[in-house]
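Listed below are the residues making up each chain.
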Amino acid sequence: MAPQLYLITPADPDPAQFPRLLMAVLTGPEIAALLVRRGTLDDAGYEALAERLIQVGQAAGAAVLLEDDVALVRRLGADGVHVTRGGVKAIREAIAALKPDAIVGTGNIRSRHDAMSFGELGVDYVMFGPLGGAADPQASELAQWWAETFEIPAVHSTPDADIALIEGSPAEFVALSDCIWSTEDPAAALRGFDRAAREQA
Amino acid sequence: MTRIPPLLAVLLLGLALPALAQDNPAEQISTDIFGPRHPVDEAYGAYQMGYYLTAMHLALPRAEKGDAAAQTLIAEIYAKGQGVAQNPERAAGWYQLASRNGDRLATFELGMLYQDGLGVPRDRARAAQLFQSAADAGYIPAKYNMALLHVEGIYAEPSLTRAAALMREAAEAELAEAQYDYGVMLLEGAGVAPDPAEGARYISLAAEQGLIAAQIDYATLFYLGQGVTRDLDAAASWYRRAAEGGNAVAQNRYAKLLAAGEGVTLNLEDAAMWRSLARRQGLSDAALDRMLVSIPAEALARAEERARFWPSEPPGTASANADPTDLPAIDEPILPSPMNAENAPAPAEEAAGDPAVDAPETQAP
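Line by line, the protein sequences give chains A and B. Take the first sequence: its position 196, counted from the start at 1, is 196 in UniProt numbering, and no numbers get skipped. Take the second sequence: its position 355, counted from the start at 1, is 355 in UniProt numbering, and no numbers get skipped.
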């Protein structure tokens, strides 16, 4: 079974240019979820970016997720939250506030024990690997372990993903970030991953 | 107070130095006498002493680093709910990690979770794969399970011959269930040449280990003289052991032997007590009821009372013990007669003793 694609926005996009680029990228392949990364933005900056990208993402049929800020998710009408901080308590609060209408996923998994503790709270997915930057060599193994054992979907995030990863990835979702945005033609790069996923299916 | 002369002080210091280097003289002595110590698994030690949370605390950092033994330990704690809420999902997660790191017990236990759909979706094909790999690694209970799967023939190639070979390996390793099943396979000639005597021997090994199903079958073999010399005393004695283990079928059969005086001194009250215990577990038997129609009301009431308190004695029987009625010699009876039963008050002493052992004496003539 081929994994679905999960797209993560770059760490510091140009607020004027990026929405248009994203629109172009999303015209082609189908993306299951889009995570608007906070990067180094302050609250106001993140809110402004998120507001634009929610429109773009939802128009393309993707579920748009925001990082950590449950109140912002509700205010802007995003599709869910990706919890990276605050552990069990933050995840519980997010679930209480958003489920079942919106998605609650979790990332920033530091240990197997964490993964299991978070997973059993009733999240919609568990992400292994960083949102961007250097890939975590253990993430692939953890994602595989998770996908084999648990029913909650695994998202395997590898910023340096290449198309070969799509084949044979055991995770239900593969998250793509730098490997798309650092190319000359992000739209073409994403189409490449999408084609690989379809050929798998 | 005398001051230690400088020279002596130097000597003492000199003596103390090697011990200081060892940081603990007791350790040094221990090493000298017993040789270097093996590294101790502190987490497992804590687990064995019942300090489950301590064990978990010690094992977690090692488990995160990929230590298979620590991962299995945590899995066991979650699987059994020891000191934590039982959590088969987490157990499956840790077994999975340990299994990948080559722990065959973890592979087997993960297979059990897939087999039963505990903590993971039920998947018998996956369970069979896991049993196979644990069996290949030499884990005996996995060989036993593989033998059963070869008999079933759905998730492993249908082959009684392979089943019998695996079952024999597990039986040789003294797994009681395997001894019993291999014994039955030998009796029936399933996957092996029939050999009733050898079959009975394997069943006896399982019976000796306390497997109740084997005890019942072993008793039946004695009763029928199959694979062993017919021996009613032995049959009664094994039915009794299984009956005392709480098995309703054994209780019913032992009651019949008591009611007929076969292999054991006829004793209607004891028979009625075992019947009552079997009935409580839902086993009623018209044939046994017919054998007990003649039991006096008083004996029946005593039997029911004893069954209520079984396996303890009803309160107040101690005084009855103090004044035991004479035990009449019962030489002739095979079929119970009202006369006989009236004359056989079945004192509590006999019930508390071991009639199966007494039986040969009373039956000798």
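Hints may be right or wrong, so weigh each one.
Claimed, not checked - Per label pair, the in silico range of CB-to-CB distance:
1) B:189 x A:164: 41 to 47 Å
2) B:136 x A:110: 33 to 39 Å
3) A:15 x B:81: 27 to 33 Å
4) A:151 x B:40: 34 to 40 Å
5) A:134 x B:57: 30 to 36 Å
6) B:61 x A:11: 27 to 33 Å
To be verified - Below, simulated DSBU-like cross-link-like pairs (lysine-lysine); rule was C-alpha separation at most 30 Å, straight line:
7) A:89 x B:80
8) A:99 x A:89
9) B:65 x B:80
10) A:89 x B:256
Claimed, not checked - Stretches of chain A that chain B covers, calculated by requiring three or more beta carbons in the stretch to come under 8 Å of a beta carbon on chain B:
11) 65–76
12) 103–114
Read the hints as simulated data drawn from the structure, not as lab findings. For every residue, glycine included, the Cβ atom is placed at its ideal position computed from N, Cα and C.
Enumerate the violated hints, using their earlier numbering and listing them in ascending order.
1, 3, 10 and 11
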